[in-house]
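Asker: Assemble chains B and C onto chain A, guided by the hints.
Protein sequences appear in the order of chains A, B and C.
Residues in the first sequence are numbered consecutively from 1, following this note's numbering.
Residues in the second sequence are numbered consecutively from 1, following this note's numbering.
Residues in the third sequence are numbered consecutively from 1, following this note's numbering.
Hints are not guaranteed to be accurate.
[Unchecked claim] With the Cβ distance kept under 8 Å, some of the chain A side facing chain C (calculated, not the full set): (1) PHE29; (2) MET68; (3) GLY72; (4) LYS77; (5) PRO86; (6) LEU90; (7) GLN92; (8) GLU93; (9) GLY209; (10) VAL217; (11) SER220; (12) GLN224.
[Said to hold, decoys possible] Stretch by stretch, here's where chain A covers chain B in the computed footprint (C-beta under 8 Å, at least three residues): (13) 157 to 163; (14) 172 to 180.
I should point out that these hints are in silico values taken from the structure, not numbers from a laboratory.
Predicted model, so just to flag it, every value in this text is computed and none were measured.
Don't be surprised by glycine CBs; every beta carbon is placed ideally from N, CA and C.
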Amino acid sequence: MKVMEEIKLMKGNEAIAHAAIRCGCDGYFGYPITPQSEVMETLMQEKPWETTGMVVLQAESEVAAINMVYGGAGCGKKVLTSSSSPGVSLKQEGISYIACAELPCLIVNVMRGGPGLGTIQPSQADYFQAVKGGGHGDYKLIVLAPSSVQEMADFTVLALDLAFKYNTPSMLLADGIVGQMMEKVVLPPFVPRRTEEEIRQQCPWATTGKVNRKSNVITSLALQAEEMEETNLRLQRKYAQIVENEVRFEEVQCDDADYILVAFGSCARVGEKVVELARNEGIKLGLLRPITLWPFPTKEIQRLAKQVKGFMSLELSAGQMVEDVRLAVNGTVPVEFYGRQGGVVPLAEETLAALKEKLVK
Amino acid sequence: MKTEIIIAGFGGQGVLSMGRILAYAGMLQGKEITWMPAYGPEQRGGTANVTVILSDERISSPVLQQFDIAVVLNQPSMDKFEPRLKSGGILLYDSNGMTRKPKRKDISIYRIDATDMATEMNAPKTFNMIVLGGLLQVVPVVEIDKVMLGLQNTLPERHHHLLPANEAALRKGMEIVEKEE
Amino acid sequence: MTAKEIIKPENLVYTKTKVMTDVPMHYCPGCSHGVIHKLIAEAIEEMGIQEKTIGVAPVGCSVFAYNYLDVDFQEAAHGRAPAVATAIKRLQPDKCVFTYQGDGDLAAIGTAETIHTCNRGENIVIFFINNAIYGMTGGQMAPTTLEGMKTSTCPYGRNTDIYGFPLKISDLLAELDGTCYVTRQSVHKVGNIVKAKKAIKKALQNSMDGKGTSVVEFVSSCNSGWKMSPHKANLWMEENMFAKYPLGDLKDTEKKHYGQ
Chain A
1 MKVMEEIKLM KGNEAIAHAA IRCGCDGYFG YPITPQSEVM ETLMQEKPWE
51 TTGMVVLQAE SEVAAINMVY GGAGCGKKVL TSSSSPGVSL KQEGISYIAC
101 AELPCLIVNV MRGGPGLGTI QPSQADYFQA VKGGGHGDYK LIVLAPSSVQ
151 EMADFTVLAL DLAFKYNTPS MLLADGIVGQ MMEKVVLPPF VPRRTEEEIR
201 QQCPWATTGK VNRKSNVITS LALQAEEMEE TNLRLQRKYA QIVENEVRFE
251 EVQCDDADYI LVAFGSCARV GEKVVELARN EGIKLGLLRP ITLWPFPTKE
301 IQRLAKQVKG FMSLELSAGQ MVEDVRLAVN GTVPVEFYGR QGGVVPLAEE
351 TLAALKEKLV K
Chain B
1 MKTEIIIAGF GGQGVLSMGR ILAYAGMLQG KEITWMPAYG PEQRGGTANV
51 TVILSDERIS SPVLQQFDIA VVLNQPSMDK FEPRLKSGGI LLYDSNGMTR
101 KPKRKDISIY RIDATDMATE MNAPKTFNMI VLGGLLQVVP VVEIDKVMLG
151 LQNTLPERHH HLLPANEAAL RKGMEIVEKE E
Chain C
1 MTAKEIIKPE NLVYTKTKVM TDVPMHYCPG CSHGVIHKLI AEAIEEMGIQ
51 EKTIGVAPVG CSVFAYNYLD VDFQEAAHGR APAVATAIKR LQPDKCVFTY
101 QGDGDLAAIG TAETIHTCNR GENIVIFFIN NAIYGMTGGQ MAPTTLEGMK
151 TSTCPYGRNT DIYGFPLKIS DLLAELDGTC YVTRQSVHKV GNIVKAKKAI
201 KKALQNSMDG KGTSVVEFVS SCNSGWKMSP HKANLWMEEN MFAKYPLGDL
251 KDTEKKHYGQ
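This is chain A alone, in the form it adopts within the complex (with noise of 0.2 Å):
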């Protein structure tokens, strides 16, 4: 007989912790901030130093923290951080610099209304900040969004995966909702951290002490205007790869549709029931839900322009990713947006009743 998988009942930013430990972490750096002050209690409570040996460290501001993700990152270990908005503005200088540095790590963002100290309640509008690089210069970061806890279980290891595959910094960007709310998971296995000689291996840049080789350094610094063109140049070739290759998506009812709404994270769930209810009507409406938010599924989105009459963004903002949608559909069919902001969710009924009044005529 087929072992039964082990399902737990937990809050999305629970499972982040447990997943972390799971997928070999070998260190957290974090700064309370509502509402994912669970992910560093889980790993606090669990005590993963007494197991595999994974650091956790609460520090003193989340500048601290993502610098020590800086120093982690450095030193070639599989490191991440975790906030909430306000927390994950402060640490954008730090994201720059790693990406620059070209250092693996993870930031997780469970996203709360702003602008400013906000609400602690759910939101999507640091989408821009997310996708278009928030802090200074020309940088991406790989950006997935999660919109159940499994999937806040699943793409913790895989943006950890993503991050060294690429050497850059990736991004879960989650919502209020996805952190706060229960559902069943199955944690992904237990991998062992890696060994020194591993890691000395897989990232043979990091600075693991300068041992039969020249020194490395970690450092995003080029004192001559052509050498760090030289870098931008080799970071934009690795995000065009990126481009190429890690897109990922998910569709409900696209097939036949005749609209298509946009939606990730915990507004996909939200357009889920949307496309229930359409369907209901007989409005024949499909879900796209951009899994990765950067690299954006802009090809699909053609795809489908070609067959339907129009698309609508429904989001947790004042209206962020339909910037993207129309960059993609590029004015062949009309691209609408609904949101809700600072911390209320919309309904699938309102959501239904907007697209009536402005797609579906």
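Answerer: For chains B and C alone, kept in the frame of chain A given last:
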């Protein structure tokens, strides 16, 4: 089959944990489940609510406009969620502290005097289990055995001596819940 | 005697430590950084820890420290070196980890990281170069700028009513339970150089022994920023800087351990 439930009351009444116990029992029964709290500054004394969805199929939105079942444990929660019940839905309420009765005619209404019973049983902490027992008597969305198994699995060993009191509260709730006409 | 004979090992009275690279330094003539770099490099070689030493460079004049010291290095964002070093040491506890920071980096923009790293008693060394001015950006006021001292952002002298007071950050760090060794040194005279090197070695050993955070402050001159000749800058330093920042050990113990 999908059941969409809202449980609402004061913070400190055990609203969130009651939802969690329900969700856990649903999981043990092989159902898809989502437990979504209205998290926020609503701590002890404020209002708290949690949406629990139990389903045989993949669950879409964890945030809902309308519910099949509303368990309301204070007046603000009755005011907020009575109008959001689907027609034919079920409202379960504790009359303690309520200033009015439910108004709607197109729903089934049940009353459970769980606050009084918890006091009578000298076990105020089992209040939410009395309510849960009442709910499961009215709508057996999960099996009582699964609730008890869930408690056994999730309570730390040192609290296992509380299991009999919880089971007694569940049974008592099943006894005292009443349909209102 | 030919040149080849002169450089025979038995004829050599001095060689550059192999922990220093051959990259020409960008520091101004008269600057203390070169001497301090050399002392750290010599200490690393003499202790045989080149393979296990990881440095963290700051933002400031010594931003390119990694070009001169031949050990693994990370270049941190402005002020964040202690946070970077914290993670390096926590994740590689067998390594000897140090930061190299100036007064603006350590005592202005990075004050929180400095204090909390020391307060956690991270087993690292903080080398703190205090020349009372921002050298790299062209001579602006630093947190350690002396009262009355002129800089480009206090051109009429540091008036404490307007700009606040010179920050004795090492004294503050010595108060913390996490630090084991806090000392103030200088490298402007041979005697001081000898003492400074001893302090460097002791601090690096503390990191290896897990005794807590060691802070070695070097009261330094910046003749370019101070707009003086190197010689005059040293005299001015002795007269004014040492009065505010007296040399010597502020603390020499072990970090506190409570419970467990």
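Asker: All hints, please: hold or fail.
Answerer: Consistency of the hints with the structure:
{"no.": "1", "hint": "PHE29", "result": "holds (7 Å)"}
{"no.": "2", "hint": "MET68", "result": "holds (4 Å)"}
{"no.": "3", "hint": "GLY72", "result": "holds (4 Å)"}
{"no.": "4", "hint": "LYS77", "result": "holds (5 Å)"}
{"no.": "5", "hint": "PRO86", "result": "violated (17 Å)"}
{"no.": "6", "hint": "LEU90", "result": "violated (12 Å)"}
{"no.": "7", "hint": "GLN92", "result": "violated (11 Å)"}
{"no.": "8", "hint": "GLU93", "result": "holds (6 Å)"}
{"no.": "9", "hint": "GLY209", "result": "holds (5 Å)"}
{"no.": "10", "hint": "VAL217", "result": "holds (5 Å)"}
{"no.": "11", "hint": "SER220", "result": "holds (7 Å)"}
{"no.": "12", "hint": "GLN224", "result": "violated (13 Å)"}
{"no.": "13", "hint": "157 to 163", "result": "violated (count 0)"}
{"no.": "14", "hint": "172 to 180", "result": "violated (count 0)"}
In the structure shown, a violation is registered for the earlier hints numbered 5, 6, 7, 12, 13, 14, in ascending order.
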